[in-house]
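Colleague: So the chains spell out like this:
Number of protein chains: 2
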Amino acid sequence: MNVPVPTKDDSPRVVVVGSVALDTVTTPAGTRAEMLGGSAVHFAVSASFFTRVGLVGVVGDDFPREHLAFLAARNIDLRGLDIVRGAKTFRWTGSYLRDLNAADTHCTALNVFADFSPQLPAAYRQAPVLFLANIAPALQMHVLEQMSPSCYRICDTMNLWITQNRTDVEEVFRRVHIAILNDGEARMFTGKHNLIAAGRAILAYGVEYCVIKKGEHGAMIFGQDGFFVALPAYPVEDVVDPTGAGDSFAGGFVGYLSACAAHDQMTIRAALRHGIVMGSFNVADFSCDRFRTLTVREIEQRLADYNAKIV
Amino acid sequence: MNVPVPTKDDSPRVVVVGSVALDTVTTPAGTRAEMLGGSAVHFAVSASFFTRVGLVGVVGDDFPREHLAFLAARNIDLRGLDIVRGAKTFRWTGSYLRDLNAADTHCTALNVFADFSPQLPAAYRQAPVLFLANIAPALQMHVLEQMSPSCYRICDTMNLWITQNRTDVEEVFRRVHIAILNDGEARMFTGKHNLIAAGRAILAYGVEYCVIKKGEHGAMIFGQDGFFVALPAYPVEDVVDPTGAGDSFAGGFVGYLSACAAHDQMTIRAALRHGIVMGSFNVADFSCDRFRTLTVREIEQRLADYNAKIV
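First to last, the protein sequences are chains A and B. Here the first sequence stands for residues 1 to 311, numbered as in our numbering. Here the second sequence stands for residues 1 to 311, numbered as in our numbering.
In short, the hints are calculated from the structure, not lab data. Model, not experiment: these values are computed from the prediction. Ideal Cβ positions, reconstructed from N, Cα and C, are used throughout, including at glycine. Keep in mind that the hints are not guaranteed to be accurate.
To be verified - Covered by chain A, per the in silico footprint, the following chain B stretches (three or more residues, Cβ under 8 Å): (1) 159-173; (2) 211-217.
What the hints assert, rightly or not - Calculated cross-link-like contacts (lysine-lysine; reagent style BS3-like; alpha-carbon spacing at most 25 Å): (3) A:K309 - B:K88; (4) B:K309 - A:K192; (5) B:K192 - A:K309.
Based on the sequences and whatever the hints tell you, model everything.
Modeller: Structure below.
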């Protein structure tokens with residue numbers, strides 16, 4: 001059963017495949033239960049400020065209608081969201097009381113997400129850009145097989161897959177144009193503590209670019225012929241909830257690339273700044289609530305502020 | 001007894017007070033014994049590329065003549081270096097095998113440095129800029145009392161003093177224009193994990209600027225009226241020895257300010273980039289050995305590379 005909310009005729013320019021979840025999160029700012037979450041959601045909401053996104057995921061029929069309405073209102077194509085009757089949505093419970101940079105997971109109830117086997121609607125398969133959010137690398141490959149070979153492919157991953165399915169992660173890296181990892185994952189995957197060495201080692205798998213996210217310390221991108229950019233984070237004094245910051249970063253980064261229909265080094269450089277700014281908005285409230293009121297003008301102002309004053 | 005090497009007539013533009021040491025260091029690149037080290041040395045050598053530095057410190061008569069010759073050849077004024085007959089030089093032994101960002105101290109033999117009571121030569125007391133490297137805050141205050149009240153004052157500190165002499169550290173902060181701390185010290189001093197909040201809290205002590213060094217993640221500077229700049233580190237893949245990186249950063253930062261005879265926000269912004277570049281050169285070899293062959297042209301090239309490509 002697919003979601004019965006209205007979608008526009010235009011096909012998505014970016015397809016994202018990942019988790020759709022209900023998150024219960026505790027941070028120094030408080031506890032919030034059953035909030036809209038998941039890697040595909042955080043990515044899609046952020047990218048929706050720049051491009052038309054098609055979301056591929058699965059939820060149970062307990063998934064609140066108001067969340068579907070919010071995503072549709074952000075012009076996100078939900079034809080790829082499977083709503084399974086009688087099933088329960090993936091739930092994650094975690095806290096950041098020890099360290100705002102590292103979540104402590106208290107409970108992961110995969111529910112319907114445990115049997116996720118992404119099927120892309122026909123209208124998605126010619127999308128020019130694909131973002132593989134954090135799902136098992138075998139599923140990421142299953143998605144790659146359904147997409148047009150001409151699409152520009154970007155993937156995320158996580159420590160679990162690096163430990164348990166390393167060969168599959170390597171295979172995904174060989175098939176994508178950009179690999180995005182956080183600093184801990186890059187060190188784990190390469191065995192190199194120095195992040196410059198780690199970034200270059202990942203390039204050797206044949207990706208065009210490798211992005212290393214460093215949370216409060218910003219992000220770096222490595223490319224062929226020694227291309228390298230490092231940027232600090234936009235300063236946020238009151239971090240309310242860091243959940244989804246990395247996916248919001250990816251949403252700004254990939255969304256901007258999609259809007260430009262380019263991935264040359266100049267565009268990549270600008271895309272990194274857009275990712276950093278979108279990540280900084282995400283952490284200012286729980287869930288992706290900051291994006292409910294965010295305007296394009298606010299994004300432009302923060303970009304100008306970042307470019308002129310911070311860096 | 002003061003050092004009998006020739007000094008030029010011109011008085012120093014920057015006075016640094018801190019440790020002069022013989023370091024034995026183990027890193028993944030190997031072990032080196034009894035190398036030239038100490039906070040005042042690393043600062044002075046780096047700053048000497050931009051300005052004339054007067055060094056205030058103490059060593060024993062076991063301090064190798066070749067080190068004095070090297071410092072003098074860098075045009076560093078050594079009239080403030082006290083050489084105590086029959087005494088031994090401060091020695092530090094440490095390693096970075098666990099983490100290149102954090103030294104494990106194996107032995108600290110203060111020797112003659114235990115009784116250090118800095119006395120500034122008359123020719124130093126009118127210097128327009130003073131850098132108080134990492135020494136006990138009571139000694140930092142003793143130095144402040146000897147300097148012209150018109151001098152521009154910058155201080156470093158360390159976790160030991162924050163824990164043991166917190167009130168003195170606060171008093172020093174009230175008397176300087178710029179406080180430089182690393183991220184761990186800033187968190188410890190303010191009790192705030194968020195570095196943006198920590199930086200702003202230190203501003204409240206009345207400093208004009210607060211610099212937070214983050215090692216491989218670069219540096220941030222906070223000023224009045226919301227002034228804020230964050231910059232990533234210059235990428236160094238082969239870190240040979242991080243000892244002295246923070247003091248070399250300070251040397252580039254303060255040396256550049258001294259050369260400009262200014263500390264407005266535009267100058268501060270450029271000074272931060274000079275500090276980052278000088279820190280990146282320091283870690284490329286043991287001790288301050290990279291600076292033995294470094295040329296002004298190499299500094300300019302790396303600055304251009306950093307400004308045009310990295311950030």
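Colleague: Does the structure break any of the earlier hints, and which numbers would those be?
Modeller: 1, 3
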